[in-house]
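J.: Sequence:
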Amino acid sequence: MSVVVDDRPTEARAGSASPSGVFARLGAFVVGRRRLVMLASLIVALGGAALVPAFTSGLLGVGYEIEGSESHRVKQALAEATGTTERAMLVVEVPSSSARAVRGALQRATDAVRAVDPGLTIIGPGQPGGGAFSADGRAATAVVGLTGEASERQETAAALQGAIDAALPAGADGGITGSSPLLADLIEVEHRDMLGAEAVGLPVAALVLLVAFGSVVAAGLPLLIGVCSLVITFGIVAILMVFRDFNIFIESLITMVGLGVGIDYALLVVRRFREERAAGNESGPAMVMTIATAGRTVAFSGAIVATSMLPVLALGASFYTEVATGVMIVVAVAVALTLTLLPAILVTLGDRLERGRLPRLAPVRRRRRRDGWARWARFVMRRPWPILVAGVSLLVLAASPGLRLETGLDLGARAMKAEESVKALTTLQARFPEAALVQVEMLVEAERAEGLPAARAAAMRVAQADPRLADPRALDLASDRALVVAAPTVGVDTGEADALIRDLRADLAATRGPASRTFVGGTTAEGVDFTDRVSDMTPGIIALALALSFVLLLTVFRSPLLALKAIVLNLLTIGAAFGLVVLVFQEGLGEQVLDFTSPGFVQSWLPLSMFMLLFGLSMDYEVFMVTRMREEYLRTGDTTEAVAQGLQRTGVVVTSAAAIMVAIFSSFMLTSIPEMKQMGFGLAAAILIDATVVRAALVPAIMRLAGRWNWWMPRWLDRIVPRLEH
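First residue of the sequence shown: -7, per the numbering used here; consecutive thereafter.
Please keep in mind that the hints were generated in silico from the structure rather than gathered at the bench. Where is the CB? At the ideal position from N, CA and C, for every residue including glycine.
Pairs of lysine to aspartate or glutamate residues, derived as EDC-like cross-links and limited to a Cα-Cα distance of at most 20 Å, are as follows:
| id | residue 1 | residue 2 |
| --- | --- | --- |
| 1 | Lys415 | Asp165 |
| 2 | Lys415 | Asp157 |
| 3 | Lys409 | Glu180 |
| 4 | Lys415 | Glu147 |
| 5 | Lys409 | Glu583 |
| 6 | Lys409 | Asp587 |
| 7 | Lys409 | Asp165 |
| 8 | Lys409 | Asp185 |
| 9 | Lys415 | Asp485 |
| 10 | Lys409 | Asp157 |
| 11 | Lys409 | Asp485 |
| 12 | Lys415 | Asp128 |
| 13 | Lys415 | Glu180 |
Derived Cβ-Cβ restraints for the label pairs, each shown as a range:
| id | residue 1 | residue 2 | range |
| --- | --- | --- | --- |
| 14 | Arg396 | Pro110 | 48 to 54 Å |
| 15 | Leu187 | Ala535 | 37 to 43 Å |
| 16 | Arg375 | Pro706 | 28 to 34 Å |
| 17 | Arg707 | Arg375 | 32 to 38 Å |
| 18 | Leu187 | Asp495 | 38 to 44 Å |
| 19 | Phe371 | Thr547 | 31 to 37 Å |
Build out the structure end to end from the sequences listed, making use of the hints.
T.: Have a look at this one:
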């Protein structure tokens, strides 16, 4: 039997056999042991809830280290030689120009730092490579060397800030700033913003569900599944934190994806169960049929999303490994709950599912919506060519700004002006314009000790010749290894800083001797290495994702044309979303509306992350719509009628599911951190485009024009491709 996800209610399948196969057996198991299923789910959910505090407290700032890169090698060499992993700046400011007051404030702050960790290196004013007093006598700085892994440095930074606040006298301000202090504050801001986004997105999603179902109880179940998916996933990740670190961004991403797919999957199952019940079936048989059809669609959609994330693991970047792991877990949990807990609750509720029905959302209004989709379907069937040309032109136009894509890494300081690390950074920039928060670090290695002086001198000449570097100085780390450090005069997270790193590497390579090697490191270099690795590997990762998805789609649709069409349309959708992101966030079209300041680029991790997520998420609607069209074709043998009927019967569900995802993703545009705004906007734009231009117009238009070629499958290929039986 060829693969068909049969989503018709039982009354439309006269003479069809009872469902069989693994999903039907799963449905029967859940029906027969629903109390056990609900009890087990409750225990797991409570366990996840108990671990949520451990999850949130264990998250780290986003790390962009690439093992084996130049910046990673420099960081390792510096840590081995000095015991210091990161250079942070302690900044104090007093209200008046008093040398005694500023010295006293600095002394109190440094004493507080030593009290937190006596082993930290502190280099005060007047010491080589240390701090300074401002020209107006109101501020002072000291260099603090942080040690340990990223998690330890961020924990230390947070503890240091608390100790400094408590130690400073009234009227004095002070703080610690640098990579880890900024990331520690970023964690707090993103967590607060995420809670605010949920407070907006969930009520909107609830309203959409209420309109779609017309019943308070029915609308509440998808929300329950979405929230439970998050809680359980947070608990699982908290356990995994024992073995590896996870960055703060996965909290936002798990929330966005988990709520989106959890609610959408539950929406499909609840809707199908109601249809089966409306057809006159008892709760048990209705649920078996629901799991065998709609549940099967959910399982395949989840597999597509998870599969789309697998290729990014090949990057070897901790950021992508953490993100991919989090997304795959939350999707798997959402699928599992949709196929177990939700059916158990539905069967237990029975007719009580319809409680809390709103009188205005009567069946007549639902019929009107279906009639509207019927009229639209007939319109598309009569004019496929104009719709195809108009739709593709619109997507290409939206995608065109993507050709101007520039990527970089924004540390988020522009959006955290109220945080202590950013206040300290602002004071540093205002009172010490010649100072640099981070340094450019050039590691020089000679094959023999006698060759080190010449190699070090060559690196110093390069640093001195670049006007974007100030105060270059050399430090011998070993007999055959030295470090040349300099203060950049350009912002650490700007395009000018990236250009500086690339130019330095080229100049050092051109001037070094044959018996020496040079490596450029530092915060900016780390971002450059991350961006380059992602750029180099993106084509291969995308190609692998497309190949895996094509095989899965071919397995379900059993049509090369339909599988290829799905991939091409998804690429057009993602391209259009990329173009809009560039227009809004890189070129600043939406700065006033969305309340952000464009750095002139988008986050370097965003394009690939968006691609992998959207490629999987968009397939939910493709699978649901196209399999329904195939069912109608097998019933009628008429492609035009099958496409029209499939569009009519799935239009309401697809638009409702898309509206929920758009609401959840859009709520993250209200956050203060630009990277969260970018991701929320990109995902919301893509889903909106996908559900309107693509699924409602381009898919039926292309299938109308393709005719019987939609269902063509070469015999040799049919024998090779695995079959999924009911």
